[in-house]
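Generate the whole structure from the sequences, applying the supplied hints.
Per our numbering, the very first residue in the sequence shown carries number 4; after that it's consecutive.
Quick caveat, the hints were computed from the structure, so don't treat them as lab data. Hints may contain errors.
To be verified - FRET-style restraints, in silico, Cβ to Cβ:
1. Ala33 / Asp8: 29 to 37 Å
2. Ala73 / Lys40: 29 to 37 Å
3. Gly69 / Ser38: 28 to 36 Å
In this text the structure is predicted, and so the values were computed from the model without any measurement. Positions of the beta carbon are idealized from the N, C-alpha and C atoms, including for glycine.
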Amino acid sequence: MYPDDRPLTPRLVAVIAGGALGETMAETAARLHVSPKTVDAERRAAYARLGARNMPHAVALAYQRGLLGAP
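What follows is the structure, given as structure tokens:
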């Protein structure tokens, strides 16, 4: 998968941060005050923009790009 040129929005970063914290989609949805379906759609959008295959890959790429701070 190749990355999209568009940067991640703060919401997409928050969804990936939830994955880094080990949150379920329902937990991330509750934290962000949105539905789990919204989190799922945003997760897929973040994967596309990062060029990630799954959440661990997205978290690793986000750390490499400085989007999540120091691990």
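Verification of the hints:
1. Ala33 / Asp8: 29 to 37 Å: 32 Å, holds
2. Ala73 / Lys40: 29 to 37 Å: Holds - the Cβ-Cβ distance for alanine 73 and lysine 40, about 32 Å, lies within 29 to 37 Å.
3. Gly69 / Ser38: 28 to 36 Å: At 29 Å between Cβs, range holds.
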